[in-house]
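Add chain B to chain A, keeping to what the hints say.
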Amino acid sequence: MAFHLRKDGDVTVVDVDGQLIVGNRQELKQAVLEELDGGARKFLIDFSNTGYIDSSGLGVLVSLSKKIREQGGELRLASLNEDLRTLFELTKLDTLFRIGADREEALQGF
Amino acid sequence: MNSELVLNIPNDLHAVEDVVDYVVARCPSCEEDARKLNLNFRVGLTEALSNAILYGNGRDPAKTVRLEVAIRDSRITVQVTDQGNGFDPERVPDPTCPVNRRKIGGRGLFLMRELMDEVRFNDRGNSVTLVLRLSSGERVGGGAQA
Numbered sequence: 001m002a003f004h005l006r007k008d009g010d011v012t013v014v015d016v017d018g019q020l021i022v023g024n025r026q027e028l029k030q031a032v033l034e035e036l037d038g039g040a041r042k043f044l045i046d047f048s049n050t051g052y053i054d055s056s057g058l059g060v061l062v063s064l065s066k067k068i069r070e071q072g073g074e075l076r077l078a079s080l081n082e083d084l085r086t087l088f089e090l091t092k093l094d095t096l097f098r099i100g101a102d103r104e105e106a107l108q109g110f
Numbered sequence: 111m112n113s114e115l116v117l118n119i120p121n122d123l124h125a126v127e128d129v130v131d132y133v134v135a136r137c138p139s140c141e142e143d144a145r146k147l148n149l150n151f152r153v154g155l156t157e158a159l160s161n162a163i164l165y166g167n168g169r170d171p172a173k174t175v176r177l178e179v180a181i182r183d184s185r186i187t188v189q190v191t192d193q194g195n196g197f198d199p200e201r202v203p204d205p206t207c208p209v210n211r212r213k214i215g216g217r218g219l220f221l222m223r224e225l226m227d228e229v230r231f232n233d234r235g236n237s238v239t240l241v242l243r244l245s246s247g248e249r250v251g252g253g254a255q256a
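Here the protein sequences line up with chains A and B, keeping their order. Under the numbering used here, the first sequence has 87 at position 87, and the numbering climbs by one with no breaks. For the numbering used here, add 110 to where a residue sits in the second sequence, where the first one is 1.
For reference, chain A alone in the conformation it holds in the complex (with noise of 0.2 Å):
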């Protein structure tokens, strides 16, 4: 997996390239982590590249919401192809998170 953290107004856009599964969660919960420890508060996670997440990938991104609400934040996720809809579906994790059909969509009114 890559991942890579770039701007959007006062927006954190993380996109994430192959797939967020047990071996490499921590990566993005520390980058994301240390954005938040500098002042972000909003973050968007767009999937457009992703393959897969695994449970362990599920969870780190409901651990990720949670410190980034604790700060008065908000964690966004957007392009979830077919397959990864599934996943969230199957969980009910697309009732915890705002989630867009694409970027542009996810970021209106953030």
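Treat each hint with caution, since some may be false.
[What the hints assert, rightly or not] Result set (EDC-like, lysine to aspartate or glutamate): computed pairs, CA atoms no more than 20 Å apart in a straight line:
{"id": "1", "chain 1": "A", "residue 1": "K67", "chain 2": "A", "residue 2": "E34"}
{"id": "2", "chain 1": "B", "residue 1": "K213", "chain 2": "A", "residue 2": "D102"}
{"id": "3", "chain 1": "A", "residue 1": "K67", "chain 2": "A", "residue 2": "D94"}
{"id": "4", "chain 1": "A", "residue 1": "K7", "chain 2": "A", "residue 2": "D102"}
{"id": "5", "chain 1": "A", "residue 1": "K67", "chain 2": "A", "residue 2": "D102"}
{"id": "6", "chain 1": "A", "residue 1": "K42", "chain 2": "A", "residue 2": "D83"}
{"id": "7", "chain 1": "A", "residue 1": "K29", "chain 2": "A", "residue 2": "D17"}
{"id": "8", "chain 1": "B", "residue 1": "K173", "chain 2": "B", "residue 2": "D128"}
{"id": "9", "chain 1": "A", "residue 1": "K92", "chain 2": "B", "residue 2": "D128"}
{"id": "10", "chain 1": "B", "residue 1": "K213", "chain 2": "A", "residue 2": "E74"}
{"id": "11", "chain 1": "A", "residue 1": "K29", "chain 2": "A", "residue 2": "D15"}
{"id": "12", "chain 1": "B", "residue 1": "K213", "chain 2": "A", "residue 2": "D15"}
{"id": "13", "chain 1": "A", "residue 1": "K67", "chain 2": "A", "residue 2": "E104"}
{"id": "14", "chain 1": "A", "residue 1": "K7", "chain 2": "A", "residue 2": "E89"}
{"id": "15", "chain 1": "B", "residue 1": "K213", "chain 2": "A", "residue 2": "E70"}
[Stated by the list, open to error] Restraint-style ranges between C-beta atoms, simulated for each label pair:
{"id": "16", "chain 1": "B", "residue 1": "R176", "chain 2": "A", "residue 2": "F110", "range": "22 to 28 Å"}
{"id": "17", "chain 1": "A", "residue 1": "D10", "chain 2": "B", "residue 2": "P120", "range": "42 to 48 Å"}
{"id": "18", "chain 1": "A", "residue 1": "D10", "chain 2": "B", "residue 2": "E200", "range": "43 to 49 Å"}
{"id": "19", "chain 1": "A", "residue 1": "K92", "chain 2": "B", "residue 2": "D183", "range": "46 to 52 Å"}
{"id": "20", "chain 1": "A", "residue 1": "G109", "chain 2": "B", "residue 2": "S113", "range": "37 to 43 Å"}
{"id": "21", "chain 1": "A", "residue 1": "K66", "chain 2": "B", "residue 2": "M111", "range": "28 to 34 Å"}
Worth flagging that the hints you see were computed from the coordinates, not collected in a lab. Note that CB positions come from ideal geometry on N, CA and C, so glycine has one too.
Quick look at chain B alone, frame taken from chain A:
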């Protein structure tokens, strides 16, 4: 289990992705089954391996995980065995209940059961057998017969 492939895997989470890629590359591939292989099988096997490394073997680098794979009659059967004391899969709570939904962990076994066609544990609870049926119609999230 009459296996075609047997791997003894180091107890290292970073090995999981490569092992899953290695096994998937040896599975029969056709367009009809692509989604079952790339979503159901990859996630199901990833969950079984990571459970074995994290919980079964307790992250102990001195331990290994045994993976056996058999592919025949449009069925992929994998058996993942750790060196731990086992657990009772029936005592794992449902992660989709509202009270559990915000928990960080506890979704691995649920995803295995949702994504694979069969999930079976041995009596000790340290070995899980997963079965995926191919070319049996696209059905994601159909649930296992465990």
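Here is what the structure says about each hint:
At roughly 12 Å between alpha-carbon atoms, K67/A and E34/A fall within 20 Å of each other, so this suggested pair holds. At roughly 26 Å between alpha-carbon atoms, K213/B and D102/A are farther apart than 20 Å, so this suggested pair is violated. With a C-alpha separation of about 18 Å, the suggested pair K67/A and D94/A falls inside the 20 Å cut-off, and the hint holds. Taking the CA atoms of K7/A and D102/A, the gap is near 16 Å; set against the 20 Å cutoff, the hint holds.
A C-alpha spacing of about 24 Å is found between K67/A and D102/A, which places the hinted pair above 20 Å, so the restraint is violated. This hinted pair does not check out: K42/A and D83/A have alpha carbons roughly 26 Å apart, beyond 20 Å. Between the alpha carbons of K29/A and D17/A the distance comes to roughly 15 Å, so the proposed pair stays at or under 20 Å and holds. Only pairs whose Cα atoms come within 20 Å are accepted, and K173/B paired with D128/B is accepted, the gap being roughly 18 Å.
At most 20 Å may separate the alpha-carbon atoms for a hinted pair to count; K92/A and D128/B exceed this at roughly 29 Å. Taking the CA atoms of K213/B and E74/A, the gap is about 17 Å. The hint holds against a cut of 20 Å. Distance hint between K29/A and D15/A is fulfilled; the C-alpha atoms sit about 13 Å from each other, no more than 20 Å. Taking the CA atoms of K213/B and D15/A, the gap is near 24 Å; set against the 20 Å cutoff, the hint is violated.
For a cut-off of 20 Å, the pair hint linking K67/A to E104/A is broken: about 24 Å separates their Cα positions. Under the criterion of a C-alpha separation no larger than 20 Å, the hint pairing K7/A with E89/A is inconsistent with the structure, at around 29 Å. A distance of roughly 15 Å separates the Cα atoms of K213/B and E70/A; the hinted pair therefore holds under the 20 Å criterion. Here the CB-CB span from R176/B to F110/A is close to 48 Å, at odds with the stated 22 to 28 Å.
Range check, D10/A to P120/B: about 43 Å between beta-carbon atoms, so the 42 to 48 Å window is met. Between D10/A and E200/B, the C-beta spacing of about 48 Å keeps the proposed range 43 to 49 Å intact. At about 35 Å, the CB distance of K92/A to D183/B disagrees with the hint of 46 to 52 Å. One distance hint, 37 to 43 Å for the beta-carbon pair G109/A and S113/B, is violated here, with the actual separation near 54 Å.
Hint check: K66/A to M111/B, Cβ distance near 41 Å, so the stated range 28 to 34 Å is violated.
Against the hints set out earlier in the document, violations occur for numbers 2, 5, 6, 9, 12, 13, 14, 16, 19, 20, 21.
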